[in-house]
Structure formats: C-alpha cells, structure tokens
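Work out the full structure, taking the sequences as your base and the hints as a guide.
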Amino acid sequence: MEIDLIFKIAAVGIIVAVLVQLLKRAERDEQAMMTTLAGLIVVLMMIIAKIAELFDTIKTLFGFY
Amino acid sequence: MNAVLTAAAFCITACVLLKIISSETPAVKTVCAIAAACLVMIRFLDSFLSISDSLTELFDSAGLDEEYLRIIFKALGICYLTQLGCDICRDCGESAIASQLELFGKAALLIVSLPLFSAAADMIKTLLMI
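Going line by line, the protein sequences match chains D and A.
Here the first sequence is numbered in my numbering, starting from 1 and rising by one per residue.
Here the second sequence is numbered in my numbering, starting from 1001 and rising by one per residue.
Simulated from the structure, these hints should not be mistaken for lab results.
Remember, predicted model here, so these are calculated numbers, not experimental data.
Note that the Cβ used here is the ideal one computed from N, Cα and C, for glycine as well.
Mixed in with the good hints, there may be bad ones.
[Stated by the list, open to error] With a straight-line Cα cutoff of 20 Å, these simulated DMTMM-like cross-link-like pairs (lysine to aspartate or glutamate) come out:
1. D:59 - A:1053
2. A:1074 - A:1053
3. A:1019 - D:4
4. A:1074 - D:56
5. A:1106 - A:1094
6. A:1074 - A:1057
7. D:59 - A:1024
8. D:8 - D:53
9. D:8 - A:1024
10. D:59 - A:1067
11. A:1106 - A:1087
12. D:59 - A:1066
13. A:1019 - A:1091
14. D:50 - A:1053
[Unchecked claim] Cβ-Cβ distance ranges computed for the label pairs, FRET-style:
15. D:3 - A:1095: 27 to 37 Å
16. A:1070 - D:38: 43 to 53 Å
17. D:18 - A:1002: 32 to 42 Å
Here it is as structure tokens:
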C-alpha cells in the first residue's frame, strides 16, 4: 500500500489550512476560498487514478463487463 | 498475517493524519479518506485474486455450473462497491444518498441473481414431476 500518497494528501491539507489562515488574517476571504478549492482539486487529481485502478480491478476480478 | 499487520498500520496512520486535517480542511479530509479506503481495497482484491482461482477449481471439482460461480462473484463485487460507496456517503453525513445507493445495490443484486431463482424453480418443478 502506498502510504506516500496519504502523506502527500495530508501535507496538501495542512499547507492549504495554513494558507487559508494567513489569507483570512490578511482579510482576503475570496482568495482563501480559492486556495481551498485549488487544494481540493489537486488532491482529487491525485486520487482519481487510484479510484480508476480500484474500479478496473473490481471489474476484472468479479466479471463485470 | 504480515499483510494484515501492514493494513492495520496503514489504516491507523491514515486515521491520525485525517484527525490532524479534519478541523481545518474537511473537503481534503474526505478525499484523503477515500484514497485510504481505495488503497486498502486494491491490496485486498490483489490477495483475493489468488483465492478466486482455487475457488474456481473447487467449483469445477464439485461438478457445478461455472455460470453460478460467476453470479456469486458478481454479487460479491456489487456488495463491495455498494458498501464502499455507502460508507463514504455516510462519512460525509449524507445518509439520504447512502440509503438510495443501498437500494440501487439491492436491486442490482436481485437482477444478477434472478437466473438462480429461475433455476431453483425449475429444479422444484422437475422434482414435483417425479
């Protein structure tokens, strides 16, 4: 199991949290929201391949055609 | 044995990381949880592949129809997928969507196992004829 991927996602989460805090203190709420959204998209792009792999495995293993 | 240990360590590490990021970025936390679930499941299915071959051999030696085993595997796959989807939805606090998915899974399971019901009905019919 690739624990690296989980670490990567958690790191992105922590960095986004810090950035959002900073931007909110600087009273830039819109940019804070955009940062959250960007972080979410980055993380989603990371896991989309894994979800596809899981579905492919299930398809071949259980005979869904 | 070692694989279970690895999986347990993996899950615990993922849980701790989720706890850290859950209060600040709940969206990223959800994605992280999905990733962890997918990775564990991929590993499990890889080990399940070796079991499935011996299961097929067992079925062959029992002289049962191969089609039935395929139906059982399909049903198992539907159950896994539905359970995973429902649990992710419930983790996000959307129990309404989860129960709809459950309903869908039940219907799909019924459709897949319909040939078995008709086979059982045929068997009963032939028994009654005798």
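Hints versus structure:
Restraint check for residue 59 (chain D) and residue 1053 (chain A): the C-alpha separation of about 16 Å stays at or below 20 Å, so the hint holds. This hinted pair checks out: residue 1074 (chain A) and residue 1053 (chain A) have alpha carbons roughly 15 Å apart, not beyond 20 Å. A hinted pair counts as satisfied when its Cα atoms are at most 20 Å apart, and residue 1019 (chain A) with residue 4 (chain D) qualifies at roughly 17 Å. Distance check on the hinted pair: residue 1074 (chain A) and residue 56 (chain D) sit about 14 Å apart at the alpha-carbon level, within 20 Å; holds.
A distance of roughly 19 Å separates the Cα atoms of residue 1106 (chain A) and residue 1094 (chain A); the hinted pair therefore holds under the 20 Å criterion. Note on residue 1074 (chain A) and residue 1057 (chain A): the hinted pairing holds, with a Cα-Cα distance of about 17 Å set against a maximum of 20 Å. Of the pairs offered as hints, the one joining residue 59 (chain D) and residue 1024 (chain A) is violated, with about 36 Å between alpha carbons and a cut-off of 20 Å exceeded. For the hint pairing residue 8 (chain D) with residue 53 (chain D), the CA-to-CA distance comes to about 19 Å; that is within 20 Å, so the pair holds.
For the hint linking residue 8 (chain D) to residue 1024 (chain A), the alpha-carbon distance of about 16 Å falls within 20 Å, and the restraint holds. Among the hinted pairs, residue 59 (chain D) with residue 1067 (chain A) is consistent with the structure: their alpha-carbon atoms are about 17 Å apart, no more than 20 Å. Among the hinted pairs, residue 1106 (chain A) with residue 1087 (chain A) is consistent with the structure: their alpha-carbon atoms are about 15 Å apart, no more than 20 Å. In summary, the hint linking residue 59 (chain D) to residue 1066 (chain A) is supported, as the alpha carbons are separated by about 18 Å, within the 20 Å threshold.
About 13 Å separates the Cα atoms of residue 1019 (chain A) and residue 1091 (chain A), which keeps this hinted pair within 20 Å; it holds. Proposed proximity of residue 50 (chain D) and residue 1053 (chain A) is contradicted: the alpha carbons are some 25 Å apart, above 20 Å. Separation of residue 3 (chain D) from residue 1095 (chain A) is about 30 Å and conforms to the stated range, judged on CB atoms against 27 to 37 Å. The hinted range of 43 to 53 Å is satisfied by residue 1070 (chain A) and residue 38 (chain D), whose Cβ atoms lie roughly 45 Å apart.
Under the hint 32 to 42 Å, the C-beta atoms of residue 18 (chain D) and residue 1002 (chain A), about 37 Å apart, fit the expected range.
Figure legend: structure checked against the earlier numbered hints; hints not met, in rising order: 7 and 14.
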